[in-house]
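Visitor: The residues making up each chain are set out below.
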Amino acid sequence: MANITIEGLCKGWDFPVIDDLSVEIEEGEFFVVVGPSGIGKTTLLRLIAGLESADRGRILLGEREVTHLPPYRRRVAMTFESYALYPHLTVFENISSPLRARKKDRATIERRVKAVAQLLRIDHLLDRKPGQVSGGQKQRTALGRTLVADPEVFLLDEPISHLDAKIRQDLRMQFHTLEELRRVATLYVTHDYAEALSLGDRIGVMGNGGKLVQIGSARELFERPKALFVAEHLGQPTINAIPSILQEENGSLFACAENAALRLALSPQQSQRLNGGAKRRIVLGLRPQHVRPADELRGRDSEIDAQIDIFEALGSNGIIITKAGGVTITGLTHPERHFEPGQDLRLAIDTEALHIFDAETGLSLLEEPRWQG
Amino acid sequence: MTPERKEAVVSEIVRGTPSTYPAWFSARKRSKPLIVSRRVPILLVGLPVLVLLAIVIYPTIWMFYHSLRDTNINHLFSGEHASVGLENYRTVLSSERFHDSLWHLALYLFFGACLQVLLGTLLALIIYEYLKSNLARALILILLVLPMMLPPSIVGTLWRFLLTPSNGAINQALLDLGIISSHIEWFNAGVSLWSIIIADVWNWTALPLLIVYSGRVSLPPAVYEAARVDGAGQWKVLRRITLPMLKEVIAIAFILRFTDAFKFVDLVYVMTSGGPAQSSELPTYIAFQRGIREFAIGEAAAYAIIIFAISAIIVTLFLKYMKRVMKAQGLA
Ligand SMILES: Nc1ncnc2c1ncn2[C@@H]1O[C@H](COP(=O)(O)OP(=O)(O)OP(=O)(O)O)[C@@H](O)[C@H]1O
Ligand SMILES: [Mg+2]
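Sequences listed follow chains A and B, in order. Quick note: the first sequence uses my numbering, first residue 8, plus one each step. Quick note: the second sequence uses my numbering, first residue 16, plus one each step.
Possibly wrong hints are sitting among the right ones.
As the list claims (entries may be wrong) - Partial selection, computed: residues in chain B whose CB lies under 7 Å from chain A:
(1) G94
(2) A237
(3) V238
(4) E240
(5) V244
(6) G246
(7) A247
(8) P259
(9) M260
(10) E263
(11) K335
Calculated directly from the structure, the hints in this document are not laboratory data. All C-beta atoms in this analysis are idealised placements derived from N, C-alpha and C, irrespective of residue type, glycine included.
Could you build all of it, start to finish, from the sequences and the hints given here?
Guide: Dropping the structure here:
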């Protein structure tokens, strides 16, 4: 049982992939890493597992420095994106391999493998070879092999990405309560933002050349992103990013979309935070959740005229993609409503919830500008 | 729900029940090639079959025919040969010479062919594991393959020379190292077969080495990473991962070396001519000797058929084994 401490970790091949990354993950914490494809998430896990050697920096498990130890001396368990199952062994033997490698007795192995297989619902496949099961079943076998091990650190690389929505949901719920996972430090990589928000005690968004751009709880990241990159990465549908210019009129600030007729008044608090700064080029971040047809949202809102481009009814909500003053804005509505393309409507925008980012650096102008926790 | 029942339910969801299958569906239907016309496969398969008929099947039948007759090479084409039933086989199977040669063959298979595969496998894995630079690997592979590229006459002569009892290099080296105290008579009865085996191991170990090496190269590296994370030591990885995954490849190496073993005459001919006093003869060498040198085509044909039968049995066993391995992995 131990926490993971990573200090100034660097790794690169023909270009720097992980650059000066530092983070501490507590014992029992579920830390989720999200980020675009190819940014270095898998590389980070492989560095911790000892499958790659760090160019610089230190990795500690508890008090023990493991930076230069081989994988089997680190006591980590890892799922691989490619599953890496042993093709000549049965599902049972695959799952039990870490237990056998650590010389557990037969009865323990049997019991632990059965329990995990039941949890993952592959207990009827235990006698098959990996060549005889489906992709999702392979992925669950790989996950099972990781879960039976009794490591100090779990490294899960998109462990449930290939499963159908229902099993994924079920497993996500299991992860919340699974004692094995909750006892030790877990690093979990995913592309699914819902998974990240749901599972992560803390979430680290990786970007900007292999740094963790922001680390925080799901709420923090969602409501107070420090950079446009973070805001764009979390949330479905994606946040509206509108390049704009600040203008001052009668002592209050307005954000005017560049080359378009859209104009939004900022709240006094926001104006105060921005501290003047008229003529400044910014990017306006507007979550679809805060854009609704005017008859659905009332109060402290600005209203604008818009025209429906596309309407998508998706079960729990409807998505409207509209044109307002030459800018495309995505908003949400009730799923039972119906809109026709070309239809005019008034949009209400919750300006309190606006995010404002610097156009050059992409950093939030409302939050403390600080890279990396 | 029991696991079996659960699987049945899942299978029903995925595959439906036969009673609900649409009318066009027939489970036994052959998939037709979409692009090429039907004549193309017949042509592509037919031509090689014709060639095989001409150069393999026909001669084999011809040989089988003569194994039942008292054909002498002088009357081979004049048709002056009479049927002798199974007499040729009786002669071969009851001859002391044949029995001895079978024993020699067994020794050769075990200490020649098997040793080559084991040694080749060992070397291949060592090279892969401990030589990480591609250049070094390429160089050592080329060096090891060189003996395979020499013609048998050269190999035989070379080893005759090296093994010369009185002042050959091998004896001299062994003497200098103090391993032996007097010359080994490499070409005496009882030793000459071993001389041939030594030369053959030197000659052919590189073949299984190359086969196993290429098999090892193509094993997925991710599996090894998983094993390292699991905490398996080197020995365990070798025994539980590498060797099981190389099973078919090693079986192929065995098949190749065994089929070659039944055709093995060249070094015997060059190094000892089966001597002294037939003490290093293999069955094939006797067939060659009886048929080509002593003109008894009928008897030589009987030898050939018997050798063919033995090798067919052994190779079939290997192929069965391979099929089982592949089936177990869901590959076949
Ligand atoms: N062995 C290697 N040699 C050279 N470059 C590598 C190597 N491994 C990874 N990279 C590069 O490092 C970068 C990060 O790779 P990594 O696998 O960590 O991405 P990732 O964040 O896991 O992406 P994904 O979400 O698609 O899995 C990639 O641009 C990749 O091309
Ligand atoms: Mg990855």
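Visitor: Confirm or reject each hint.
Guide: Now for the hints, and whether the structure bears them out:
1. G94: 58 Å, violated
2. A237: 4 Å, holds
3. V238: Cβ of V238 (chain B) sits 5 Å from chain A, so the hint holds.
4. E240: 5 Å, holds
5. V244: With a minimum Cβ separation of about 5 Å from chain A (threshold 7 Å), the hint on V244 (chain B) holds.
6. G246: At about 4 Å, which falls below the 7 Å cut-off, the nearest Cβ of chain A leaves the hint on G246 (chain B) intact, so it holds.
7. A247: 4 Å, holds
8. P259: With Cβ-Cβ at 4 Å, under 7 Å, it holds.
9. M260: 5 Å, holds
10. E263: For E263 (chain B), the interface hint is violated, since the closest Cβ of chain A sits about 10 Å away, which is over 7 Å.
11. K335: Interface hint status for K335 (chain B): violated (18 Å vs cutoff 7 Å).
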